[in-house]
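Novice: With the hints as extra help, turn the sequences into a complete structure.
The opening position of the sequence shown corresponds to residue 1 in UniProt numbering, with each subsequent residue numbered one higher.
One should not assume that every hint holds.
To be verified - Cut-off 16 angstroms, straight-line C-alpha distance, at most; resulting in silico cross-link-like pairs (EDC-like, lysine to aspartate or glutamate):
no., residue 1, residue 2
1, 254, 64
2, 85, 13
3, 180, 129
As the list claims (entries may be wrong) - Label pairs and their calculated CB-CB ranges:
no., residue 1, residue 2, range
4, 129, 33, 38 to 46 angstroms
5, 156, 229, 48 to 56 angstroms
6, 273, 140, 45 to 53 angstroms
Because the hints were derived from the structure by calculation, they are not lab data.
Every residue, glycine too, gets a C-beta built ideally from N, C-alpha and C.
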Amino acid sequence: MKLSILDYAPIFEGRNATDALSHTISLAQSADRLNYHRYWVAEHHQVLSVASSAPEMLMMSILEQTSHLRVGSGGVMLPHYSSYKVAELFRVMEARHPNRVDLGLGRSPSFKNVKQALNEYKTTQPDFETQLDDLELYFNDAATPSHRFHQLIATPQIQTQPHMFILGSSMRSATLAAKKGLPFVFPYVGQDAHTLTQLTNRYRTLFEKKHPDRQPYIMMSTFVITAPTQSHVDDLTHAFHLWLLRIRYANQPKSYPSIEFAKERGFSEREQQKVDQNKKRVITGLPENVIARLQALIKQYPIDEVMILPHVYGETNRQQLIELLADANQPSI
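Specialist: The structure is reproduced here in structure tokens:
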């Protein structure tokens, strides 16, 4: 099974953003050594307990300190930005590290005030599909005379190009990815089998119709929690669910809660109901059980690659998580 990692760069209780970013780079170095396929970093705004608000900045640091991993954004929320600027940012990274740069692109599910702040002073804005077209033209130096910016060249000019991916969970996103002939990345949050079958079948069927000379490619991202013992898994899972609840509060916390804090605080009856609903959003268990569950999902839909989110409390626990899953996934990742 091909395994990759998506990282939010969590800020742990008692730590700060500097610690979080340093640990993300360290974890990426470990993933490189363990032969994970990709290491992507997220773009999150107004989530105080994560440090990954500017993925392209973190990507360059990871690229400079790893050797084999493909490194990417999971993802750049393209409607917030200029396609021309994104093309040049990712071309610079590709120039420094050819054939190692991924550009995951999303539509932007941000808070309303975040959208307003990032798009202030814009009187008009192209739709997402037009922005994707623009990116492809800039990457391929293929703008035609009819293009509104046909005289622009995205620099630096290079021989290789970043790989583009469409991120989403809707039929609309799957359809767009298929039309564009791009890989499709969806989050697994416990959707029912019928929904996922429809989503993946729609993508594959339309992709093969539009691009018969190419192969569709589906990636699934999912939170995973594992540890050497079930009691440790349970402790990490309890803290994770507290984090997941609290980031939706108006006065959200500035850090990911420790295991000790989570145990002491506990959940109210209403919170426990939400926790029970959220359990389907994360795959938990001993390493062999987690790998078996992922392999079952890959076979069922089918999926080409799994991107795990090792979003648990503590640097040591995150390091151990990716090591345990790499070992359980032998002989190959």
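Novice: Kindly indicate which numbered hints from before are broken by the structure, ordering the numbers from low to high.
Specialist: 1 and 2
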